[in-house]
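Using this note's numbering, read the sequence shown as starting at 339 and increasing by one per residue.
Source of the hints: derived by calculation from the structure; they are not laboratory data. Treat the hints with care, as some may be off.
[Claimed, not checked] Below are the DMTMM-like pairs computed for lysine to aspartate or glutamate, each with C-alpha atoms no more than 20 Å apart in a straight line: (1) Lys380 to Glu473; (2) Lys425 to Glu448; (3) Lys377 to Glu413; (4) Lys489 to Glu373; (5) Lys493 to Glu452; (6) Lys419 to Glu452; (7) Lys403 to Asp486; (8) Lys406 to Asp427; (9) Lys378 to Glu473; (10) Lys456 to Glu473; (11) Lys433 to Glu373.
Keep in mind it's a predicted model, so treat the numbers as computed, not measured.
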Amino acid sequence: MKKLFILIIFFGSLVSFSQNEKTSLKVFTFSEVEELHQKKPKPVIVFIYTNWCKYCHGMEKTTFKNKKVIQLLNENFYFIKLNGEEKNDITFLGKIFVYKPTGTNTGIHELANELASKKGRISYPTTVFLNLKLEIDLQLNGFNKAKDIIKLLSKFQ
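Could you build all of it, start to finish, from the sequences and the hints given here?
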């Protein structure tokens, strides 16, 4: 019985020590960022995606799982994920943004359109960098690797 108890303790401690400490990316809403930004201003990163976009899912599974990306975002930025086809109204900077249908089962959220469109067109994913005045500094269209995001985050700190 004693040997069994010692084995359980040994393997239990092995399992707990072998697991890496996982740091998760802090994701905020627009209203949370507005409130936090008044107390502690930081640049804001908005990741605009859709549920059907394979490149968006790819960035979520690789770029935004990278430890260095997570560390930089958590320490120096407010990070927001915005579904470009979000149907709920979003209030940001004193304005209410709503979903606008464009067809039978299609549409775009006004805020996604405002933040991600270039020359009247939007592509997914788009990563938007907002400065301390909450103005657009940079719009990155398409899939971005962790190393590229790390370089940009380091410049925007």
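Here is how each hint holds up against the structure:
| no. | hint | verdict |
| --- | --- | --- |
| 1 | Lys380 to Glu473 | holds (12 Å) |
| 2 | Lys425 to Glu448 | holds (10 Å) |
| 3 | Lys377 to Glu413 | holds (15 Å) |
| 4 | Lys489 to Glu373 | violated (28 Å) |
| 5 | Lys493 to Glu452 | violated (24 Å) |
| 6 | Lys419 to Glu452 | holds (15 Å) |
| 7 | Lys403 to Asp486 | holds (14 Å) |
| 8 | Lys406 to Asp427 | violated (33 Å) |
| 9 | Lys378 to Glu473 | holds (16 Å) |
| 10 | Lys456 to Glu473 | holds (15 Å) |
| 11 | Lys433 to Glu373 | holds (15 Å) |
In summary, the structure is inconsistent with hints 4, 5 and 8 from the numbered list given earlier, while agreeing with the others.
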